[in-house]
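**Student:** Given next are the chains, with one letter for each unit.
2 protein chains.
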Amino acid sequence: MKKVSLLAPGPTPVPSRTLLAMAQPLIHHRSADFLEIFGKVRQGLKKVFQTENEVLTFCSSGTGAMESSVANLLSPGDKAIAIRGGKFGERWTEILKAYGCQPVNLDVPWGQAVKPADVAKLLADDPSIKAVYVQALETSTGVAHPIEELAKVTAKTDAVLVVDAVSALLAYDIPVDKWGLDVVISGSQKAMMLPPGLGFVSIGPKALKLMESSKLPKFYFSWAKELKNQTQNKGAFTSPVTLFMGLLDIFDYIDELGMQNIFAETGLKSKAFKAAMAALGLTLYSKECPSQALTAVEAPAGVDAQAVVKWLKEKYGIFIAGGQDQAKGKIFRVAHMGHISEFDTLQGISAIEMALAGLGYKFEMGAGVAAAQKVFGEAI
Amino acid sequence: MKKVSLLAPGPTPVPSRTLLAMAQPLIHHRSADFLEIFGKVRQGLKKVFQTENEVLTFCSSGTGAMESSVANLLSPGDKAIAIRGGKFGERWTEILKAYGCQPVNLDVPWGQAVKPADVAKLLADDPSIKAVYVQALETSTGVAHPIEELAKVTAKTDAVLVVDAVSALLAYDIPVDKWGLDVVISGSQKAMMLPPGLGFVSIGPKALKLMESSKLPKFYFSWAKELKNQTQNKGAFTSPVTLFMGLLDIFDYIDELGMQNIFAETGLKSKAFKAAMAALGLTLYSKECPSQALTAVEAPAGVDAQAVVKWLKEKYGIFIAGGQDQAKGKIFRVAHMGHISEFDTLQGISAIEMALAGLGYKFEMGAGVAAAQKVFGEAI
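These protein sequence lines are chains A and B, in that order.
Just so it is clear: in the first sequence, position 376 is 376 by my numbering, and no numbers are missing.
Just so it is clear: in the second sequence, position 156 is 156 by my numbering, and no numbers are missing.
Keep in mind the hints are simulated off the structure, nothing from the lab.
Keep in mind that this is a model prediction, so the values were computed, not measured.
A couple of the hints might just be wrong.
Sample of chain A residues with no beta-carbon within 10 Å of chain B, all distances over it, derived [said to hold, decoys possible]:
| # | residue |
| --- | --- |
| 1 | Glu67 |
| 2 | Ala117 |
| 3 | Pro175 |
| 4 | Pro196 |
| 5 | Tyr253 |
| 6 | Ala264 |
| 7 | Met354 |
| 8 | Val369 |
| 9 | Phe376 |
Residues of chain A placed beyond 10 Å of chain B at every Cβ, according to the derived structure [claimed, not checked]:
| # | residue |
| --- | --- |
| 10 | Ser31 |
| 11 | Ala98 |
| 12 | Ser214 |
Computed footprint of chain A on chain B, listed as stretches where at least three residues anywhere in the stretch have a Cβ under 8 Å from a Cβ of chain A [as the list claims (entries may be wrong)]:
| # | segment |
| --- | --- |
| 13 | 3-9 |
| 14 | 111-119 |
| 15 | 209-223 |
Each residue gets a CB set at the ideal place from its N, CA and C atoms; glycine is no exception.
Take the sequences, apply the hints, and build the full model.
**Tutor:** Quick look at the structure:
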């Protein structure tokens, strides 16, 4: 037998009830029933984003929503800071360049978080910088950037803060309005527990003002067009009806669980997993700011991290992620966000132990599982 | 009881088997299993498009795929013909303008098809025109434009022909390679019998050459990026895994039915429906080139077409579409593409009869249903 288990940072497992909610017969995207669903989805998104801002939904991956935050805010030649401490930080630079903007790259060593003072200095040195692009969680390194502090920096300037929270939102507390985050981006396939296919963007007043002066081309990803339509509970173009049915069910599920409980449970899985890795003598890739949404672990000396990933996938049908680019072969990454239970986490730890043993690493078998069980047991 | 029936031109009904195929547990978008599915989807798309060209898949509505055919072919200030005989033709002009190109608008009266000679003349008068944008089926009017003839015109010039076949592909025979169609766009939610969420683009050699000189910004919709990835059976960004599972099932279903049979059945439903409307004394909006994918019908004098649409929706849960803009209140539109049976079609005719009677139109009740039954009966 082979039971597939998803422990990679997205797509995460979708609850069966939600898969079945999406298997209902299609309804028309301009029907009264669908307008009602759209309205409920808008309210649900505001709750999850903890904001009064409008949260737009796009039929796209998270990258499409990221692109929209360049195309709708900037004009050709505009300068914007791209905080680059991993693969997704680098994507900001790529999008800015594709649109003929001038990225001001703030390179951060992989595994480390950006220092808000460095951003403050760049903005003070060049007041023409229009925006700061950053990840809440840099998925490629497991680092949580200090978003709240960055918002305090940009609040004192004309620059707009744009936060990619695709893998962070709902995995831990990111109160958009309380922290004053101008633009926050997320997607359906991580902590939101849905299949890939939806990108979300919350847009605050400072960003709406900058949007008015933007001259970059946009049509499908036009915020102005979608704001006009979505505030009337409809999409400018055909909405992905089935994913909206799924969202509706997920918002019910989130209400049943409670958002603070989801944050706490994700934190507990993270704590247990990190305790397990320590018990195995392994170290985290991020020393200072490890995220609780996923953990990036350094493979022990003499073990190729890609071999661990491959072992889990091929021998047990368990999907975790390896490192990318400079981190390739050095780390493996395990997700805690979304519809993943304590026992899914224990299963992952158990499989990692067996893979490490098979690959020749010496340690006391079962020590990781025991350490995690201790954390889970004490939490009840 | 109220059984919802979708007879509007998209989203069309999705077969139950396909809905359940999409309700399977998620798999990872970089797993070997998913690469295999991606490869099968590519082959299936080539079959449906009847082409050896690569057919790219985007996570977007059809409009996103339309936009990609502007962003990837043109440069700022480029001229392109937009054939405008309805709402979707007008969308070409909007996209071209959003990207800073110069639309050369060829306006065609609504309900009529473009004359290829008019396109030939425009291209002869201005050889700097880079592309011709047209709909195979103008969904807002029910008109099928003469695509094969247009391809003969553009073949003699440097201009690339871009065909929006979102509601036409698989509803009737559009052999991409045989006709030499440079770019053909489609979507998942019409004749492809899937939920909305996927846009498709087939790209021929002439278009690939023009693409090389394009200077418009693109990232999420970049053809070059996706060609590099999708020819290796993966998306550049996270693929909408569930819709791919659905596509795989749909391609099996299409193989079981046979593509020529699907075209013939769609034609038969169209013929029966049109016979029914004639029997009721109603006329088609498109006199010369009515499509077989959907029928646009003129409401009789004294009857508001919107009232017919509303009657069906509110009293019977049957969704057909009204007219848009200048056709609003004048026409109603009924789809024949996709997973719609003879009896779904008869049900639609029956409901239209009852609505017309209720709205005061005088005719022999049952005449439309009888005329359609005759067509269906003779076809067995």
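**Student:** Is it correct that the beta-carbon of Tyr253 of chain A has no partner in chain B closer than or equal to 10 Å?
**Tutor:** 16 Å, holds
**Student:** Taking the closest pair, is the beta carbon of Ser31 of chain A still more than 10 Å from chain B?
**Tutor:** 6 Å, violated
**Student:** Please settle this one: Ala264 of chain A was flagged as non-interface, so is its CB more than 10 Å from every CB on chain B?
**Tutor:** 25 Å, holds
**Student:** Counting residues of the segment 209-223 of chain B that have a beta-carbon nearer than 8 Å to any beta-carbon of chain A, does the count reach 3?
**Tutor:** This one holds; 7 residues, not fewer than the three required, reach chain A with a Cβ under 8 Å.
**Student:** Is the claim that Pro196 of chain A lies outside the interface with chain B correct, judged by CB distances over 10 Å?
**Tutor:** Nearest chain B Cβ is 5 Å from Pro196 of chain A, so the label is violated.
**Student:** Would you check chain A against the segment 3-9 of chain B, counting CB to CB pairs closer than 8 Å, and say if three or more residues qualify?
**Tutor:** Coverage by chain A holds for the segment 3-9 of chain B (3 residues, Cβ < 8 Å).
**Student:** Over 10 Å to the closest beta carbon of chain B is the bar; see if Pro175 of chain A clears it.
**Tutor:** 26 Å, holds
**Student:** Determine whether the non-interface label on Ala117 of chain A survives the test: each CB of chain B must be over 10 Å from its CB.
**Tutor:** Non-interface label on Ala117 of chain A holds, nearest chain B Cβ at 31 Å vs cutoff 10 Å.
**Student:** Taking the shortest Cβ-to-Cβ distance between Phe376 of chain A and chain B, state whether it exceeds 10 Å.
**Tutor:** Since the minimum Cβ distance to chain B is about 24 Å, Phe376 of chain A lies beyond 10 Å and the statement holds.
**Student:** Val369 of chain A: least C-beta distance to chain B exceeds 10 Å?
**Tutor:** Val369 of chain A clear of chain B: closest Cβ-Cβ about 24 Å, beyond 10 Å.
**Student:** Holds or violated: is the Cβ of Glu67 of chain A farther than 10 Å from all Cβ atoms of chain B?
**Tutor:** Its Cβ does come within 10 Å of chain B, the nearest being 5 Å, so this is violated.
**Student:** Taking 10 Å as the cut and beta carbons as the points, is Ala98 of chain A off the interface with chain B?
**Tutor:** The claim is violated: Ala98 of chain A sits with its nearest Cβ about 4 Å from chain B, within 10 Å.
Consistency note: the structure conflicts with the earlier hints numbered 1, 4, 10, 11, 14.
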